[in-house]
Structures are given as structure tokens and as C-alpha cells.
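Trainee: Based on the sequences and whatever the hints tell you, model everything.
Chains as they are written, first to last, in my numbering: chain A, 1 to 421; chain B, 1 to 107.
Be aware that a few hints might be false.
Unchecked claim - Below, computed lysine to aspartate or glutamate pairings styled on EDC-like, alpha-carbon distance capped at 16 Å:
(1) K105/B <-> E93/B
(2) K119/A <-> E93/B
(3) K30/B <-> E355/A
Stated by the list, open to error - Facing chain B, a subset of chain A residues (Cβ under 10 Å, in silico):
(4) A13
(5) P111
(6) P297
(7) G364
(8) A412
(9) S413
The hints are simulated quantities; they were obtained by calculation from the structure and are not laboratory data. For every residue, glycine included, the Cβ atom is placed at its ideal position computed from N, Cα and C.
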Amino acid sequence: MTALATALSAAEADSLPLDRIDVSRAELFERNIEGDYFRRLRREDPVHYCAESAYGPYWSITRYKDIMAVDTNHQVFSSEASLGGIIIEDGIQKSSNEGSIDLPNFIAMDPPRHDEQRKAVSPIVAPANLAKLEGVIRERICRTLDGLPVGETFDWVPAVSIELTTQMLATLFDFPFEERSKLTRWSDVATAEPGSGIVDSWEQRTSELMECAATFQGLWNERVKNPGMDLVSMLAHSPATRDMTPQNYLGNVLLLIVGGNDTTRNSMSGGVLALDRNPKEREKLYANPALIDSMVPEIIRWQTPLSHMRRTAIADAEVGGKTIRKGDKVVMWYISGNRDETAIDRPDDFIIDRERPRQHLSFGFGVHRCVGNRLAEMQLKILWEEIMKRFSRVEVMDEPVRVRSNFVRGYASMPVKLHAH
Amino acid sequence: MTRVNYVEANGKVHAVEADAGMSAMEAAVKNAVPGIDGDCGGAAACATCHVYVDDAWIAKTGPAQDGLEKSMLEFAEDVRESSRLACQITLDERLDGLVLRLPEKQH
Ligand code: HEM
Ligand code: FES
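Mentor: Right under this line is the structure:
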């Protein structure tokens, strides 16, 4: 953005009457100016009520400590799908839409149901298992990086971020590798509504998801007999999940695909942008590659791949001095909490050697805290280790195109050029 | 001052002196005891401070508390009767000499 455009957007954010501020407008994120609005809210009205928006009335929680208070209070702040689920837009998986299907999964459940299902899935991404996956993931990352052109401009998003994320998902499920692009397609379809450019009707969405279901049912049947170390085998054999309904199984498979997809992808792109914009940090990194360990969580904080998570109050509660009523929609803006100067030192800056780099909100906190957090970190760590071996710089050639979304915070494209050592 | 001994899975001991009122997570982080990260800053909300309280001490620290501590421990690895979140153990005189064992891998 030019200096003038930056000044204008800050002025716009400061001049609106508070009650007219609606941070859910996807356009703010696409233009990368949401930060000005959140800065104002944190300062003047950190727990903010917006009476009218495209998603109806909602509360915005913008400070780190208030977000923590909501996230850790699942008795009051529910994730239940039937109440609206976990994003500002009420759940799209509503069977009330003709031709649509219901896909229950544990991110949109409260304890105790949530806990049972989560326990069945978490061992796959536990340290011991991750260590086993590391070799395959590294080998696949190396192969992809070795195939990239040096000294030519190309789009990093499809060539690296999408490709590597898809490969990781295929590895996790031990999904037929040559057909891996289906996983990305299903992830897109699962979160799409008719008219979004991805599917044309609820029927089309349902029929593609049925194909997904059939494919994963096939994998299930195969692995009931011959289990491996993959996620499908775990789901098919764990006492908590082996008797799941097929729809619940598909719901959980899709949760893992969707949960790991845009998030990992956009941290892979975000890291490139962050290092390009901060040459001093890049110098520090190349002088001391061990800093990758603290850089990776910093990339995830700086990027904040999911701008928010939503809850629904099931009782009256006080947050930051305001009374939230039973039934209200409550949005925790992680992107704002991660820029809260009262919780994080120089929060707008990308600093690869922070003392406590994992103190950020990007993975949420409490019982829903991201199950894949260490997997995501491992993946980024390997990526940066291998990038540094091969290239002296990944130069961003033009302003990236950002996704128009108040939920997924990321990039549609990012032209880059690789420099050899 | 409360002395706490953190014992790694490989037997290595880290003897630490903490101010009364600190949590066992804060004392570990402050003294760079490996394997205790404390990502959530002590809110019992990340389970990166899982420890096993030594048998001789469990009566004094008490078991994991109902609510968030127990819920979060549900998702930790290799959880036992003596499992606690270190951030939920407040150090005081009574706990002088406390022995906490670290899990093999935390997360
Ligand atoms: C940088 C990458 C990632 C980010 C920023 C991220 C972010 C998040 C956040 C904020 C939540 C909390 C949801 C809530 O509180 O409602 C979450 C949950 C979850 N994530 Fe991730 N995630 C990432 C990578 C992954 C990966 C790689 C996987 C798949 C293996 C994954 C699977 C899940 C699942 C299954 C949940 C639901 C946990 C629950 O409800 O108990 N995530 N993630
Ligand atoms: S520090 Fe997060 S649970 Fe103890």
C-alpha cells in the first residue's frame, strides 16, 4: 500500500462513529486495512457490540486477555453447530437447505461429545507419530522445491503453498498420492455455498461430498483389515470412533482436511512475505539458522491464518465490563488479540527471536485449541530449512492478492522470484 | 523461597529456587527447564506444562482439579493419576523440596 492509502484508511477507521464500526466486512481484510479498525476498538471499545451486519448482531472481543477469557470458558461460550457453530456466519451445513447434508464434527461440538472424538484423533498428530511422518514430508518438500524455477517470476501460492499443503494432507491420510488434488477440492467444496464460484447448487455440493464420502469409506474398509499409521486407520480402530455413523466419520475427515488446508497454506505464503518485508530479520535468520525454531511460531502469529472464531453465549456473562446476554453471538478476533500491545511487545513487528514466541492466539486456547498445531509448525520448519539450503532469498515481486474473507486470512496469489546462493 | 526439582524423563534433574506465589510452570520457564513451554501463560488452556507429581508429594499438591485443568489433561499424552498442569500448582513453603517429573515428550 502507498503511504497515502495507508493514511486514508487509518483516517476512515478513526472517523466513523463507534456504533457504525462493523469489522466483519470481508473487504477490510482484502484491502489489508482491518488493523486500523481493530486498533481503534482495542483502544476505545474493546468489547464492541455491532447491532447490524450481514451476519446479524454480534459482539467483537478484541483484546488478548478478553479473548483468552472467552476461549477458556466453554461452559458459557458454546461451539455447538446447532446454535450457529464456530464462524461469524451461521453454519452452512444446515440440513434446512434443500439438497444439503449435515456433517457433524467435533470442532462444532461442546464437551463431553467433543472430548471423546478429539481424543480419538489427537494421537495421529502426537509427537511420536509426527516424528514418523517427518521423513516423508521432508522428502516431498525437497522434491517440490527442486522443481521450482530460479530467477524467474512465478506464483508461490499454487506452486508451493497449495502443493505442499495438499501433499501433507495426503501423507496424513495415506491418501493415493496421485489423486491428492481431490483433497483440496473437497476442502473448498465443504466450505462453499452455491454461487461462491466453487459450487453452483446445494445438490452439486452434496454430490461432490458424497464422492468424497465414498472414497473415504473405501479407505476405511481397506484399513479396517490392514491398519497403518494413518488417520483413517486410527479412526477405524479407536473405540471412541470405530462405531461412528458414516456422516460423522466424513464430518471428522473433512474437519481435518479443512482445518489443515487454508491455515497451513497461508502460513507458508505469509512467511515469505514477512521475511521479504523485513530484510533485517532475514539477515538474522541466515546468520543463525537455529532461529527457525522461534521464527515459525512468529510467522503463525504475524499471519494469524484464521482471523476469528465464534461462540454463542448460552448464559449471561460479563466480559471486559460488558454484559453479554444468553443467545448472543460472540466473535473472538484473534487477529486483533495478536496485535494487542498490552499483551505482546511491538505487536505489529515481525521479530524472529522473540523470547516467548508461542504466546499468541492463532491456534486458539482451551479445549478446542488446534489439534494440528505441532504438525503445522513441523511442516513450516522443514520448509524453511530446505528453502535456506537452496535459496538466498525468496523475493516478493509485487503486492500479493489477498483473500476476501473475514475468516481465512491469506493470499490468493503472490508473485515471487528465487535467488540462488 | 521454595525449592523445586524438575526431573527429565532421562533422569536429569533441574533444581530451581522460586519465589513463593509463583506457579510451578513460571518457575520452570524462568529457569529454562526444557519441556515446559507454558504457551497460554498459565491459564490451564494449552497443556504444554504437563508434569507428574512425585508420589511423595501428591498429597500436598492434590490431584488435577475439575474443570479446565482436567479437560485439558484429557488431551495430553500419557496422562496418569499423578498428572498435573504445572501452571495450576502454586508454590509455597509447604511445597519446599517438591519433585516434579517431566513426560517423555510434551507436545
Ligand atoms: C498454522 C496452521 C493452523 C492454524 C492457524 C490453525 C488454527 C486453528 C484454530 C484457531 C483452532 C481452534 C478452533 C476453535 O477454537 O473453535 C483450530 C482447531 C483445529 N485444528 Fe487447526 N490450525 C492450523 C493447522 C491445522 C492442521 C495442520 C490441522 C490438521 C491436522 C488442524 C486441525 C484442527 C482441528 C481438527 C481442530 C479442532 C480442534 C477441536 O475442536 O478440538 N489444524 N485450528
Ligand atoms: S501454561 Fe498453558 S496449561 Fe499450563
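Trainee: For each hint, tell me whether it holds in the structure or not.
Mentor: Tested hints:
Proposed proximity of K105/B and E93/B is contradicted: the alpha carbons are some 30 Å apart, above 16 Å. As the CA atoms of K119/A and E93/B are separated by approximately 37 Å, the hinted pair breaks the 16 Å bound. Proximity of K30/B to E355/A is assessed by CA-CA distance (about 11 Å); at most 16 Å being required, the pair is judged to hold. For A13/A, the suggested interface contact is broken, since its CB lies about 29 Å from the closest CB of chain B, more than 10 Å.
Hint status for P111/A: holds, given a least beta-carbon distance of 6 Å to chain B, under 10 Å. Residue-level restraint check for P297/A holds (minimum Cβ-Cβ distance to chain B is 9 Å; threshold 10 Å). Checking G364/A against chain B by beta carbon gives a least distance of about 9 Å; that is within 10 Å, so the hint holds. The closest approach between the C-beta of A412/A and any C-beta of chain B is roughly 31 Å, which is over the 10 Å cut-off, so the hint fails.
Given hint, S413/A at the interface with chain B, is violated; its Cβ is 32 Å from that chain's nearest Cβ, farther than 10 Å.
Violated hints, in rising order: 1, 2, 4, 8 and 9; the structure is consistent with all others.
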